[in-house]
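Model the full structure from these sequences, guided by the hints.
In case you want the letters, here they are:
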Amino acid sequence: MITDLITDLLNTFFNPEKRVFVGYLLSATLLALSWLMWIERQGLQASLKKIFSLSIWWSTSAKADYKIFFINKMVLILLSPLLITQLTVATLIFYQWHEWFPSRPQWFVSWPDWLIAVMFTSSYFLLDDFMRFYVHRLLHQWSLLWAFHKVHHTAQTLTPFTVFRTHPVELVIFSLRSIFVQALAIGSFVFFVGEKVDLITVLGANAIIFVFNLLGSNIRHSHIAIHYWKPLEKIFISPAQHQIHHSLKACHHNKNYGVVLAVWDYFTGTHHHSEKNQLLVFGVNEPSVEPDQLHSLWGMYGVPVSAFFVSLNNIVKKMLDFEGKREKIPRFSFVFSDSNE
Amino acid sequence: MNTQHLLATLVLSGICIADVYGSDKDVYADFPITTKGYTGKAKTSVKYTGQTARHVIHNALKKLSSAGNGTANPGLKAQLLAYYEGKEAGRAIIDPITNGKFIVKQTIIDELSKGKNLSEKVYKGIISGWPGNMTGPEVLAFMIDKASMTEKGYDPLTGYDYTQLISKFIMGAVFYNQSIDNYLDEKLGPQKKPNNEPYKKGAAYTGKEHVWDEAFGYFGTPAHTMKLTAKDVYDIAKKKPEALIKADYNKDGVIDLKTEMAYGHAYYAAGFDKKGKTNYLHAITQAFLDGRNLIADAKGEALTDVQRGQLKAYADVIATHWEKVIAEAIFKYAGSTYKDLQKLKTVVENNGDAVAVFRDYAKHWSEMKGFALTLQTGKKNLGETAVALNRLAGFSPVLLGNTQISGVDANGDYTQKTSDSLEAYMLHMLKIQKLMVDEFSIQARVNDVLSSLDGLAKKLSSGHSAEND
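Heads up: the protein sequence lines correspond to chains A and B, in order.
Be aware that the first sequence starts at 1, since it is given in my numbering, and climbs by one per residue.
Be aware that the second sequence starts at 1, since it is given in my numbering, and climbs by one per residue.
Simulated from the structure, these hints should not be mistaken for laboratory data.
Incorrect hints may appear among the rest.
Claimed, not checked - Some, not all, of what chain A presents toward chain B, calculated at C-beta under 10 Å:
(1) 87
(2) 95
(3) 139
(4) 165
(5) 201
(6) 245
(7) 285
Only a predicted model underlies this, so the values are computations on that prediction, with no experimental measurement involved.
For glycine and all other residues, C-beta sits at the position ideal for the given N, C-alpha and C.
Take a look at the structure:
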């Protein structure tokens, strides 16, 4: 267990497939510094002070992130062997395609290998990014899931380690999401396109995710509000847009669920541009979360379970009470919107 | 040269010689005679020449079965039967023979062992995976008859490649069955061929010594396998010129077919192992060596229950690994057949010439089928695994008109029935691969139809995600 933990910790910082790989942390620092100095016209010292502010990095909220980071690593070591592998699911999907299309049509046979690799890498990225968006949306909109996802939003200061502020139930949800998406992409592409299917990688990481991370994905969880040119923010989520997602302001609630692409939010009415000189307060404002429990282990691990059962109880009650008014869960719909233009 | 130099040279020479010949424990040879009261001239108790002769007979049948001209050929059939069931002296070794620098010591089968055939050693049970409800010997006699009438062992009307079917079925119904289901099973019992008696009157070997040697002989690996790599053994079986030096263990410049050649299942084990994922060849050979050392250490006394228990444990290692080798072969050829079907489908859809592709399909299917029959000749009743395998493979490959062989009529002719489509049959091959993985946990997995899945899964996987959005 200890060896596994050490290996996993090293892997977290030295594997380019991971969000907090040292290279990405370094690139994020340089980008933040450049932004503060050249766009916000702050001096070097002020910029460095803002980036490495102890009030952020050593806040009660940040310290809770570090604790949950270590604990979850151990939880994952125990959970991982229990989860189905994406290869197993991919094999099942491959078989299912074979049942539906016994002749196994082979597409893009004449395409060069590099083009097929580009197609697979792009398709996988789109599918993965959409599923991240969609599951994220469900985590917010379904009260049973919000009970757990709320842990991530109780962070009052954002650092790159806030990505690890996650309840174990969410770990399982995220793992299953990844397994399903990878299996669907692999099983389907290998079936229809054949053995030429390949993933374009850089230092072993998916090339598109590598670029996303190199371009400062870690700034999403920070206090540096880097924003993009507005038309670009309709395509890619800027760090400032994700910070809006964490904002306490009511008008920011349930906005910007996307990870890399903003188009999913744009087409489904949850898109929100970054704001000029945005000064945000992060966290959640809910009666179920006692302020003194926000960053305690009980608050992060126990309270969500209790909230889940309270929510489940309410749902069951409402289901049994035909006269009762059921709280409508917003339906998934495609609308073109630009909420704060 | 002073004394020190002379001494150093002698010591180094000694080391070099020791390295060439290695320690005896690694070579399946020269085990001492332990039979009480033996008075003959033999210097070792090791003897498996009969098994070597049968390997060579198998090789001859493989060559001869592909010599047909497409019409009834009584001469060829008689020749095939002379090897299969005859015992006549003077039968030539057809394969392996001298080829350039690859010089073979023996030229006739009698030089290996006299009066040997295969028919007396074929598994006598019903072969349910083959049409006609025949026993093992009947299946082989039937196949030999059909092969003699084909052109080069291939029947395009049924999709049967008799050369492959005969070869692979012999490997199972004789070599695998005799070794695993006879010598390494019932003959390890306390009453059968005891170790405190000679195997037969006047023999230089005890009951158990010879039982173990015969089981080893059927595996078909060179005696010095533990000093060779899997690739070496594979190259030896392929008679590659560069393998001569590896095969010629006693450095006499020729290949002794009794001890220095690779045959049958050992060749397949080496073929899978050289990919680097498995170690079947050396695991099996080491277990044979360990067992033989145990018997030699008993010094001609009856084996105790503990010793026999240990011997059975070695036999289990051999049986388990050998079974995996056969399952790997089924997996490999099911994969080839799947790919042939893909090509065949494309050719048919484009109105191309399907003759060559169908020939490959028939060959690979027959190899797969031969090994599928082989798998069912071991000591284990494979139950529903065998049923699934036989149903998935069918009695023949699916033919272009979506028909399959369904049986054999009273005249010995095949009957056909409507079958699944070629496309659906592809899925059968895939399911056979899955069956082999699920039931036998094979690792080499050559021609894995799903290998791309595995490769991509490894590339995409970065462990379970702990990162929030």
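Here's how the hints hold up against the structure:
1. At a threshold of 10 Å, the smallest CB-CB gap from residue 87 of chain A to chain B is about 4 Å, leaving the interface hint in force.
2. Taking 10 Å as the C-beta cut-off, the interface hint given for residue 95 of chain A holds, the closest approach to chain B being about 7 Å.
3. Proximity of residue 139 of chain A to chain B holds as hinted, the smallest CB-CB distance being about 8 Å (cut-off 10 Å).
4. Interface restraint check: residue 165 of chain A against chain B, minimum CB-CB distance 6 Å, threshold 10 Å, status holds.
5. Proximity of residue 201 of chain A to chain B holds as hinted, the smallest CB-CB distance being about 6 Å (cut-off 10 Å).
6. A cut of 10 Å between beta carbons decides the hint on residue 245 of chain A: the least distance to chain B is about 9 Å, and the hint holds.
7. Taking 10 Å as the C-beta cut-off, the interface hint given for residue 285 of chain A is violated, the closest approach to chain B being about 19 Å.
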